[in-house]
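All chains should be built: construct the whole structure from the sequences, respecting the hints.
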Amino acid sequence: MIEYLAEVNLTHHQSDITPEERQKLFDFLNSLGQHCSREQSDLIPILQGAQSRIGYLPAEAMLGIAEYLGIPEIDVYSVATFYNQFRLNPPGKHSIRVCLGTACHIGGGHIILDAWKRRLGIDKKQTTPDREFDLDTVACVGCCAMAPVTVIDSTEVHGKVSPTRVDGLLLGYKLQKEKEASA
Amino acid sequence: MNSGPALAFEKRKALAESRWKELFQQPRILVGTATCGRAAGGLEVLKTIREELKKAGQSIPVMEVGCMGHCYAEPLVVISKPDSDYAPIVYGYVTPEIARLLVRDSILGDDPSLEFMLGALEANEALPSLTDLPRFRYEKPVLLENCGRIDPEDVDQYIANGGYAGLDKALEMKPQDVIELVRKAGLKGRGGAGFSTVVKWETCRNSAETPKYLICNGDEGDPGAFMDRAILESDPHSVIEGMIIAAYAIGAGLGYIYVRAEYPLAVERVRHALRQAEDSNLLGKNILGSGFSFTIRLFEGSGAFVCGEETALIASIEGKPGLPRHRPPFPATKGLFGKPTIINNVKTLASVSRIVSRGLGWYSSLGINDHSSGTAVFALAGKVVNTGLTEVPMGTSLRQVIFEVGGGIPKGKKFKAVQIGGPSGGCLPESTLDLPIDFDSLTEAGAMMGSGGMVVLDEDDCMVDVARFFLEFTQNESCGKCTLCRLGTRQMLEILQSIAQGKAMAGDLKVLAELARDVKAASLCNLGKTAPNPILTTLRYFEEEYEAHIKEGRCPARRCPDLMAYYIIPEKCERSCDACVGTCTVEAIYVGQKRVKVIDQAKCVKCGTCVPACPPQYNAIVKISPLSELPEALPALKAKG
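The listed protein sequences correspond, in order, to chains A and B. Going left to right, the first sequence walks through residues 491 to 673 as the working numbering numbers them. Going left to right, the second sequence walks through residues 60 to 700 as the working numbering numbers them.
It is possible that part of the hints are untrue.
To be verified - Here are the simulated EDC-like pairs of lysine to aspartate or glutamate, each with C-alpha atoms no more than 16 Å apart in a straight line:
#1 B:Lys106 with A:Glu529
#2 B:Lys379 with A:Asp532
#3 B:Lys472 with B:Glu531
#4 B:Lys233 with B:Asp213
#5 B:Lys569 with B:Glu603
#6 B:Lys473 with B:Glu518
#7 B:Lys379 with A:Glu511
#8 B:Lys228 with B:Glu69
#9 B:Lys379 with A:Glu563
#10 B:Lys588 with B:Glu606
#11 B:Lys398 with B:Glu377
#12 B:Lys653 with B:Glu633
#13 B:Lys140 with B:Glu81
#14 B:Lys569 with B:Glu606
#15 B:Lys665 with A:Asp604
#16 B:Lys662 with A:Asp532
#17 B:Lys662 with B:Asp621
#18 A:Lys583 with A:Asp532
#19 A:Lys583 with A:Glu529
#20 B:Lys662 with B:Glu646
#21 B:Lys379 with A:Asp626
Said to hold, decoys possible - Okay, the calculated bits of chain A under chain B, using three or more residues with CB under 8 Å as the criterion:
#22 564 to 577
#23 582 to 596
#24 602 to 615
#25 619 to 627
Please keep in mind that the hints were generated in silico from the structure rather than gathered at the bench. Every residue, glycine too, gets a C-beta built ideally from N, C-alpha and C.
Right, here's the structure in full:
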């Protein structure tokens, strides 16, 4: 069913899909038939499923999904690029999301974003070269009472963040990594 | 008519009630673990309590509940011991350390630990209760009444508190009578626009086309609003019940509940609740034996503000980019897959459950008149003491909500404005605070109810900056279909940026106001039509602030980074103290002559971390605007400014 993976001409685009990610994509596409119909209305849930398994939407995934649903590739691409949730480049090990809702803005959310940018050395929507962290903003996580808020790995919510707290959080990850390395 | 289903539900209800009563006969602990609770460390508190109880060999039930509205005091813990002399007590600002003490002293021991108490849960004779707080005089929890009090993952707790009784009642009525009841209640859509709910319902019901669809809009993309999240996380069944009733009224067989993917906990809780409702035959085929069948699918939105707009939301369920389209045809006649579709907000549907179960008389007694019945739920955030959720009857004034319920402005600062309704709303000044809250009065003042986000601003907030913030948001989120929305918002944003940088020219305000009117007139959907509101209201009420930026290069609130600087007053600096040097995250503060600390303005990123670090008895760090007022020691920066 998914012979197209071999046909995709990788010279046409820059793709750094790893063999492991390719395997995940292969398994995901193979599992689709069991619980998904082939309607365009399944496109967003399928993209969400692919992203949650692979971590992002490599070009191969979009091509495969277009073929599975029997819709033009451009339709998949236009949906994937329209919504904020989808990312086309690989995520870091940890995903940093800085909330920039109104309450967070009033409470200095942009200052917190600056602090993350400075410390990680990347801009928003980018991943650190060691693939350890990626950084992005979110319109509002609905946690305004605790502004400014940063969400790490989509479930770990940190309220009342300050630039020094950013340093503290990063130090925590650094220590953890050192511990893992020495163990 | 049909005695079968009623009997079955009665039995279920009796069972749920006896379970609920049983729960009250033993000690129990509630921990608030909605997103706000989690952000404040609620999960650690929960873990600590469970561990401590395990260590002590006790099996007292620890329940995870949603948001009680007192988000400012999270994490919250409620301890209830029926055999003690005290009513259930709510503890606020609980840390793992305090949790350990609570387990030792209050749960296992007999000391109620009143020093950590926020208040008793209910009115009683021995202790001050939450209902004694001044805000209780104004609050009227209806949609929020279960939030933080029941376990959102236990359908029986919802049933024991009156849940699904509305559905049971509705199924014995004719669909037309359900519509009639909601019409008489005067229910208006709670998503923001305030359109009559039954007018939509009736159009859909009367359409000959089938199938019909019902969609619950839980997209809540407004920055500053979190009431839908709180309801979905804390009381998901009330929304599901409302959906089933609405589907029955309009004759829909399939429904979607559209929840933002940014709300992972809400998604999880709704998914769980849907499964439970299906297992209990409250959802699915032949509901409660009535012959009516209805299925709900959970759809995770993928983060586009414009999808709050109904036609865009429909496009996204269909698997397309969320572009709104022209109306008519309205979704009620041609919606999802071209079929009649009703889209209602989370709060609208939660209201439906209550109206049907409690009846017309009860609902009409809330609110002020036929135009604005019921209650309004607000998310209070920003510069206000008691941040969190509140629900007040329509007609309550803004002043009462901000100063009585919200407890006023913290740190003795002065109130400046309140931003209502997110990017579609506006900023209202002090002079409008006595307006009664209803759909019409807010629109008249230039704002709108919107989704109910209320962000309070104080003297440190710059209105130009607030307008710029919203424009940046709408410009980012514009789907690009309409030229004026796509390019007009960009142009307006550029003007606002140049004002905030002190680079604007005299004629810019006029251009800004003209553009605002044009974008309003020529956009297809409400995102574009309301995008200029933040500009129009700030221009209307705070024009002098714009003027100060343009003419004097001064930001009166000392907020716009290009027009202000932090400065350490040499005379006030305590020379032996290094607090500010240590906290500066970019090493911009150095020790100057005679050990006086100096900020290197070229390095300073204006994050303000140093200000609270300076001990209050010295209070040496100030903000200065315009830059020309910086002391002579900094000629380079002044040249730049």
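Outcome of the hint check:
{"no.": "1", "hint": "B:Lys106 with A:Glu529", "result": "violated, 43 Å"}
{"no.": "2", "hint": "B:Lys379 with A:Asp532", "result": "holds, 10 Å"}
{"no.": "3", "hint": "B:Lys472 with B:Glu531", "result": "violated, 27 Å"}
{"no.": "4", "hint": "B:Lys233 with B:Asp213", "result": "violated, 30 Å"}
{"no.": "5", "hint": "B:Lys569 with B:Glu603", "result": "holds, 14 Å"}
{"no.": "6", "hint": "B:Lys473 with B:Glu518", "result": "holds, 6 Å"}
{"no.": "7", "hint": "B:Lys379 with A:Glu511", "result": "violated, 26 Å"}
{"no.": "8", "hint": "B:Lys228 with B:Glu69", "result": "holds, 11 Å"}
{"no.": "9", "hint": "B:Lys379 with A:Glu563", "result": "holds, 13 Å"}
{"no.": "10", "hint": "B:Lys588 with B:Glu606", "result": "violated, 26 Å"}
{"no.": "11", "hint": "B:Lys398 with B:Glu377", "result": "holds, 12 Å"}
{"no.": "12", "hint": "B:Lys653 with B:Glu633", "result": "holds, 11 Å"}
{"no.": "13", "hint": "B:Lys140 with B:Glu81", "result": "holds, 13 Å"}
{"no.": "14", "hint": "B:Lys569 with B:Glu606", "result": "holds, 12 Å"}
{"no.": "15", "hint": "B:Lys665 with A:Asp604", "result": "holds, 10 Å"}
{"no.": "16", "hint": "B:Lys662 with A:Asp532", "result": "violated, 51 Å"}
{"no.": "17", "hint": "B:Lys662 with B:Asp621", "result": "holds, 14 Å"}
{"no.": "18", "hint": "A:Lys583 with A:Asp532", "result": "violated, 28 Å"}
{"no.": "19", "hint": "A:Lys583 with A:Glu529", "result": "violated, 33 Å"}
{"no.": "20", "hint": "B:Lys662 with B:Glu646", "result": "holds, 8 Å"}
{"no.": "21", "hint": "B:Lys379 with A:Asp626", "result": "violated, 24 Å"}
{"no.": "22", "hint": "564 to 577", "result": "holds (count 8)"}
{"no.": "23", "hint": "582 to 596", "result": "holds (count 7)"}
{"no.": "24", "hint": "602 to 615", "result": "holds (count 3)"}
{"no.": "25", "hint": "619 to 627", "result": "violated (count 0)"}
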